[in-house]
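Chains as they are written, first to last, in our numbering: chain L, 1 to 313; chain Z, 1 to 321; chain R, 1 to 330.
The hints are simulated quantities; they were obtained by calculation from the structure and are not laboratory data. Any given hint might turn out to be false.
With a cut-off of at most 27 angstroms between alpha-carbon atoms, the simulated BS3-like pairs for lysine-lysine come out as follows [said to hold, decoys possible]:
(1) Z/18 / L/201
(2) Z/18 / L/203
(3) Z/92 / Z/18
(4) Z/152 / L/201
(5) Z/116 / L/203
(6) Z/302 / L/203
(7) Z/176 / R/267
Simulated restraints on C-beta separations [claimed, not checked]:
(8) L/146 / Z/29: 30 to 36 angstroms
(9) L/113 / Z/20: 36 to 42 angstroms
(10) Z/88 / R/109: 54 to 60 angstroms
Computed far set for chain Z versus chain L, every beta-carbon distance over 10 angstroms [stated by the list, open to error]:
(11) 11
(12) 46
(13) 82
(14) 92
(15) 105
(16) 123
(17) 174
(18) 246
(19) 311
Bear in mind the structure is a predicted one, so any value in this text is a computation, not a measurement. Note that the Cβ used here is the ideal one computed from N, Cα and C, for glycine as well.
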Amino acid sequence: MTTSSNSPNTSRLSRAWNSDLAWSFRQTPVAMVSAFVVSILILGAILAPLLAPYNPFDPATLNLMNGFTPPSQPNAFTGDVFVLGTDDQGRDVLSTILYGMRISLFVGFAAVFLAMLLGVTLGLMAGYIGGWVETIIMRIADIQLTFPSILVAMLIFGIAKGVTPPEYRDQMAIWVLILAIGLSDWVQFARVVRGATLVEKNKEYVQAARLIGRSQFSIMLRHILPNVLNPVLVIATISLALAIIAEATLSFLGVGAPPTKPSLGTLIRIGQEFMFSGEWWILFFPAATLLALALSINLLGDWLRDALNPRLR
Amino acid sequence: MNAIIKVKNLTRVFDVSKPWLNRVIERLPKSYLTAVSEVDFEIQRNSVYALVGESGSGKSTIGKMVVGLLNASSGAVEVDGIDLSSEQDAEKVDAVRSNIQMIFQDPFASLNPRWKVRDIIAEPVAARGGDTKGLSERLLEQVGLSAADADKYPHEFSGGQRQRICIARSLASEPKIIVCDEPTSALDVSVQSQVLNLMSDLQEDLGLTYLFISHDLTVVQHMADKIGVLYLGRLVEEAPRDVLFSSPKHPYTQMLFDAAPRIDGFGREVEPPKGEIPDAINPPSGCAFHPRCPMATADCSKSRPEMRKIGDTRVACHLAE
Amino acid sequence: MQHPILSVRNLVVEIPTRHGILRPVDQVSYDIHAGEILGVVGESGAGKSMTGNAVIGLLDRPARITSGEILLSGEPIHNKRPDELRRLRGKTMGMIFQDPLTSLNPLLTVGEQLTETIQEHLNVSNAEAQDRAVAALEEVGIPAARARINSYPHEFSGGMRQRVVIALALCAEPDLIIADEPTTALDVSVQAQIIALLKRLCRERGVAVMLVTHDMGVIAEAADRVAVMYAGRLAELGPVRDVLTTARHPYTSGLMASTPLASQGQKRLRQIPGSMPRLGNLPQGCAFSPRCEFAQDKCRANPTPHIQDGDGRAACWFPLSANSEQEVDA
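Model the full structure from these sequences, guided by the hints.
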């Protein structure tokens with residue numbers, strides 16, 4: 001382990017730049033390329049209203065005559081050119097991808113955040129309090145692990161659909177997705193945090209805090225939580241990729257984002273109908289985007305895991 | 001009477017049974033480990049009382065019970081005449097609690113790596129809502145570091161410096177008693193002497209009382225006024241330092257003294273002690289030391305020796321005189 | 001001429017890091033002869049374990065030997081390929097580590113581990129290997145060895161486990177044993193047993209032992225000669241009694257004086273100010289100069305001469321003479 005002696009007046013920014021993590025990042029081309037790809041995609045999603053040539057959610061701009069235009073070729077009827085072509089309804093594929101990514105990423109981030117909040121809280125409690133609190137939390141986790149998470153998500157989705165009135169279903173769909181994926185994904189956060197908490201709680205700094213008279217809550221929040229965040233960060237990254245894929249899978253199965261507000265998964269479902277009829281681009285570009293997004297996030301997660309693992313340093 | 005701490009008949013039993021399901025399937029009984037058994041001693045104000053013993057002797061468990069990190073199974077710890085386990089008045093308990101602090105063995109685990117030194121040192125006061133302005137800086141200088149170190153993180157310090165930070169933290173609430181659990185055993189010799197000197201100075205300047213827990217006889221000999229020797233959770237001998245080192249009464253104490261390597265013991269050939277420390281879950285009958293004792297008689301395996309007073313020494317051995 | 005069993009010549013180990021190249025072992029030279037115990041002492045980070053690991057060829061990457069020689073019975077081994085080194089380990093070099101649990105395979109019985117090692121290095125039959133395994137366990141003082149040979153490591157107590165590790169290190173009849181803090185994890189009474197065992201084996205079998213430890217008491221009782229390391233360099237090397245009683249290097253002298261036993265009856269212990277510098281941040285000149293009460297300009301400007309066996313005991317510009325005011329009342 002190397003530690004540089006920082007003078008107290010170096011700025012936060014330069015400390016971050018000089019940190020071991022940043023150094024390891026600069027030494028790992030895979031991480032840099034992945035980070036670049038992810039940032040481009042996220043930026044593209046955020047700036048979609050500015051970047052996208054069309055607004056695919058606005059039916060007024062659609063021209064059915066533009067349907068099935070191949071990439072970068074003028075449409076036979078209207079003469080319009082679309083970089084990545086159009087789908088059956090004449091929606092620009094590039095624009096649908098940019099807007100679709102917004103939904104995919106939003107669902108992904110929100111679901112991971114929910115899973116993290118739930119998992120970290122329950123994991124901390126299970127690890128620190130122990131006893132029957134731990135038994136209950138971890139048995140629920142065990143039971144949930146025996147179901148494939150996509151099944152759990154579909155179950156939650158189904159129940160939510162049953163209890164929401166039909167007129168709100170499309171609006172609610174995205175929130176239900178977040179809930180479904182988030183609830184199916186908290187287990188691994190809880191397990192990892194519980195394990196790390198068990199290690200940390202026996203360390204002497206926690207005993208010192210107990211001796212000082214800090215409350216359990218305060219010890220968990222202020223002492224243990226900051227020290228178990230490294231593995232959480234790694235899992236969150238990898239979970240993000242999984243959540244985006246889960247969202248795509250659910251949407252592909254038709255239980256996710258509605259066709260009026262398509263996510264990447266919905267786009268792939270729409271596209272696969274035309275896979276064998278020659279209109280490959282409707283499927284290919286959304287699928288390639290999903291692949292690039294999930295792969296880069298995963299590679300980033302792998303790098304983060306190695307970089308944060310003190311034993312590999 | 002000027003005893004600041006009275007430990008009375010202190011016992012701690014740990015349940016070390018396997019999980020319920022294993023016990024049912026394997027038909028195992030519950031098993032218990034008696035880590036500390038009927039330990040009695042008093043610590044005089046402004047003195048250093050040392051507990052020595054090998055692993056499994058229960059010395060750290062006693063330390064944790066004295067500061068209140070562990071509850072006693074039976075017996076009591078009285079601090080300033082107040083029994084912490086039975087006292088109902090929360091205010092009194094809190095006042096006593098803030099009078100006892102602890103220094104831990106591992107300076108790398110006893111400081112939260114994510115906290116700045118300033119916050120670590122001031123925590124005992126901050127947790128009680130006290131004024132912490134300038135406190136850490138003042139304490140850092142008191143333990144021989146510089147006030148500018150308050151802005152650093154623990155990883156920027158060496159082991160000895162970290163132990164100084166731990167000492168500074170333990171001083172923050174202005175305690176009267178500090179329990180030191182192997183405070184220098186993770187440190188190198190040259191740094192150990194710095195830390196021990198600092199602790200001596202602080203004891204003198206601030207009028208502190210130390211309960212000093214260690215396995216290192218040379219450190220204990222330097223620091224302690226009175227020493228208790230523990231074996232398998234029981235106090236086997238207690239005496240003022242000079243008495244203990246000049247005439248150890250218990251055969252275990254004698255064995256410890258003989259076995260400890262000496263820096264002037266060039267090429268010393270000693271008959272190494274027999275056997276190892278027995279399993280604390282199934283301790284030997286009678287005197288727990290009898291299987292290893294060179295002087296043991298048949299009586300030793302049958303009846304447990306009571307603490308007897310011989311001169312300034314208290315010793316639990318049938319044969320000691 | 002009889003070669004020493006182990007001869008380390010100007011050994012340098014380097015670790016490249018982002019903050020520059022660190023030298024945890026810097027120009028270290030010493031010999032160990034048959035039947036001799038060389039104690040290597042120093043504070044944590046002084047490079048004592050790293051030296052041992054370099055000799056056995058167990059340096060963790062990215063640490064590597066960048067110059068110097070390691071001769072085993074006169075034959076260079078520092079440039080051997082990993083598989084050749086692996087064969088040498090066990091056959092001619094045995095190792096004992098601090099934690100006996102990590103050096104034993106928990107899934108194999110003690111007997112299986114012993115016979116496997118014996119058969120890998122010696123050409124003997126199964127029955128013969130079994131007999132040798134029992135003999136090895138008996139030699140290290142494990143009672144009822146023939147019965148316990150089928151036990152697993154976790155069935156032994158800490159001290160017995162360390163005896164098994166020693167048996168494992170000895171069973172292929174090596175010429176050199178490297179013991180890295182072999183008693184640090186053990187209790188005083190067991191430590192005395194293990195030290196006595198090491199000394200007996202060394203005397204009876206003529207094994208050369210490199211005993212790495214931070215405990216001056218263990219060194220005094222067990223070692224014939226002692227090498228004191230500081231910040232990766234040898235500070236002092238010589239017969240144990242001479243080095244510990246009349247230290248030439250101010251560091252050794254300070255180290256001895258700061259042990260509680262040496263300041264018996266005094267209110268304060270002698271102390272060396274400061275702490276050992278980090279490897280990435282070594283002072284110019286003598287690495288000890290910032291903490292040395294005798295340091296002069298020459299010490300701060302020029303690196304100390306590296307000591308070789310035979311000439312000069314201490315790597316110091318102004319070694320303490322035996323009758324200076326520096327007395328160690330040990």
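Hint check, failures only: 3, 6, 15 and 16
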